[in-house]
Amino acid sequence: MFLFLIELFLLGLAITTYFAGKLPDFFLAVTGVLVGYLVYFMNGFILVLVDVPLRASWMALLVSLELAGVILHQGLTKRLVSGMTRSLWLHYLGVAVVYFGVLVFFYFNNFFFATTDSVYLVVMARNLVESGLSKWYFSSPRGMGLFVPFIQTIPMLFGLDYAWFIQPAFMAAFIALFVFFAERSARRFIQSKVMRGLLVFLTAVLYVSADLVFIMTTYIHTNFDSGLFFFLAIASLYFGVEEDQPAWFVFVPAFLMGFGALRTENVITALILILIYVGSQKIQSRIQRRVFLPYLIFQFGLYLRILLMHPDTYSDQMSNGQILIVLAGVAAVAAVLYLTETKFLRSFILPRLWWLVPAGLLAVVSVLGAFNFQHLLGNLQVNLKAFFVTGNWGAVWWVVVALALLFSFRIQFPQKQQLLGLILSFFIMIALLGMLRVPYHERWFDSANRMLAHIAPLVLFYLITLAAAASVPSQPEALKGKKLV
Amino acid sequence: MARKQKPSKTSNLLLLVLSASLALSLTMRVFGFYTLPHIMKGIVTGYLALVLAMIFFRFIHPRILARSGRKSHKVLSIGMAVLVTVFFFILIPYHITPIRTTHSLKIVNTSDSAEISVWEIVLPGAEALDLPGTFGADQMSGNRLLISPGESLEYTREMAGGVTVRLGAMAWPAQANINWDDLAYDLAWEDDGDAIAIQLPGWTWGSPSLPYRLLGFMNIVADLVSVLGVAWLAVFLLLPFPEQEGEERWVLWEQTPLRAFTISIVVNLVILFGTGIYAGLFEAELHILLLLLGVGILLILRDLVRRYRKWLLRVVLTVLVMGIAVNGYLYLNPPHELHQTLTFRPYDSYEYLADRIGARNATYLSIGYYQYLRGSTLVIAEPLYEELDLEEGRLHQLNRLQDFRFENYEYQLTDSEVNALLQLGEWSTWPNRLGGGEYYLLPEVSEPGATYHFFSYGQLYFLVPSGLIEDTGVIDVPLSD
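As they're listed, the protein sequences go chains A and B.
Using the working numbering, the first residue of the first sequence is number 1, and each one after it goes up by one.
Using the working numbering, the first residue of the second sequence is number 486, and each one after it goes up by one.
Since the hints were derived computationally from the structure, they do not count as laboratory data.
Errors might be hidden in some of the hints.
DMTMM-like, lysine to aspartate or glutamate: derived pairs with alpha carbons at most 20 Å apart [said to hold, decoys possible]:
{"#": "1", "chain 1": "A", "residue 1": "Lys135", "chain 2": "B", "residue 2": "Glu932"}
{"#": "2", "chain 1": "A", "residue 1": "Lys282", "chain 2": "A", "residue 2": "Glu341"}
{"#": "3", "chain 1": "A", "residue 1": "Lys135", "chain 2": "B", "residue 2": "Glu923"}
Sequences are here, hints too, so could you generate the full structure?
The following block contains the structure:
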């Protein structure tokens, strides 16, 4: 199994090497880990789509062929020679040591944390191995995403019962990439390395030291990984725009696919993200389509396949009607990508989308709330109590509110509106989802409470950037009026 | 034409003293100073002093400076303020806020022959004094304490607040005298011996320890300064003295007029009134006070860091460090049972994973045999159902059962039946999570949708498909269709 994991890692690195020289070595090295798992997920998904059973031999062969293909292509295009600098090698080596160190440590020291959902995810993985997409028991893709079950299949193919050692690697990747992106953002405003380092380091420590996040190091679930991929998708978009470097955009669809495949409701967040960034008009329409369409096609295909399933399991949450609404939403957003050049949209709608989206969601919540006010009020009370007291978030949201109050004066930084629009939309979306289900509850494992892990990294990134921007009295000219990427 | 006024050190100092005095008085009289934890005493008083000072300096001080033309006006206003203060203290009887002090209670039965009964003594915090435990059970009659004619009862205790005493008479007429610190009360029963309740005040001085003696003294000084100060401000600002146009010169730091803090000052003023009213109307809950004070302080900090950007990161880092410290504290001192932490797991099996989620028996059984129970019909004898603590509803929910029914059959297997069953193939076992023992199921003859009967042999529990029973005849049990 470890040989297979090494193979996946090498495949991830081989793919990220395409961007050597264009993107930072550290990002390429760490992202290589995640790209490996994303490729495994896509391989597995395609195999089960065409009814090929998941077997270790098949998967190893497929990954080997892909690895050989990528290396051959890079050799032919001389990228391997030109792109592989000493720094990149060192980064690859360093990340390999840490990554496999984490895997081996947790492999021999099982610290799994699990709830009933975790077991359902493991059972879904068993279902994938036993019968592909045809038989589901406690949960199915109508209730839970497929990404974690696919990751859980890796050790099953090699005779183990489930994966207890892979989730810590995702945590390590998150910490590394969060610190990397936050520092990169703060660097534009804060000259002092010490202050910058302290700001980013302390924020990361604050987040990881919260009970709930700490336990997510080994928790077999979907929320932490959702937060990871969502954050990476936004960070890639953010720096793609800021640094005029389209190479960042290549990772956006990959991260969005991971995000969309993790939980059933993630598609809503992803569509909001796309709409808000399309609204920003900071990316050319042609590039926008290249960035977002692959994800939209994937998500459409995934839900179309789910629509054809009739699993009838205990925790199925999506009805055919809801799936059809999602499909329509995905198709509508795809259509918007082709309509961005129309004068009406460009002049009136797109520039206001960053607030129209949360305002629209708020209007829907208000209408639903008007019909069932007690439900809405009960959810809000429960959510607030969970976020600040019972949700095992420690001081995280207290600090967020404190810093938000501290920065409640006019501070400008690039793409602030987009990030703010996303954050507001997400919180309103939690209220909206709450109106469509049984009421939320106060305990830490409530889905609304866990879903905060999707947005928390972005909120912290936003606050770090806000703090950094606010620490300089006047805004650098270079940050005003970005040209179109 | 506007003229720049010189900042007056004297008026600055006086306003600071007034702010501090008012803050201490308000904390003591409104926010329950003596019931707050020590650190909160300082935080609440400090916050109030800060906000009041900012309000005074922002809104009052410029008007004082504008009216500071003549000395005679000041003398006149001070004189009038003293008069107002004197009248105030004459009209309203003054008592300090109850301090923590040693109060003395003495009840003397001054009757000729009637006994006096003490029904109860209620301490601060509505806690009733344990009469037999304190004065001895031999003086009790039922649940009342008796005091014979000419005798007395004495009680001394350190407390913050007064007590309520309820006394009755066993015969009448009867009289009693109560001494509470230096206060004396006479009670009499003429026509009946019903209980009379008397509230003894907490503001009497008693015998306080040195720190509380000082606090009591500070209370008096703060109240006096507050009334005098407010009276002077009212008189000085309301009298028709000529006013000069002036420019506010009071600065927090160089180039930072207090005007920049107007919004946060006003918000804090609202918070101050809000908390005051809240504390007056309801029991002042500590966390709500803290929350509001936190918002107020953060808004003041916001105005500061907006002006002094070089401080901003330091403030942010401090907030982050405080957050991390709170996380660490909560990790070491979990506030509730929901606290989770990484735990070493000695086994890597699916069975152990499922066990650790704390599932109920029905859930655990379903997780173990999910492939076989799906859409099946389960048949069980009621005593076995009770023994296994299975929940019909949960089994239905998880496995989408066709049916679940109780039947009355001989579910306990004999030695020979078990031996014969075990010979039929490779049985898959799964633990019975809460009751102990193991389930047995034969995968090669078990299919989703089958009908399973539950049997037991000690702590071995068999899920046997009906077809197997009928085809093999290893179990001699007549089953209904």
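| request: Tell me, in ascending order, the numbers of any earlier hints that this structure violates. | output: 3
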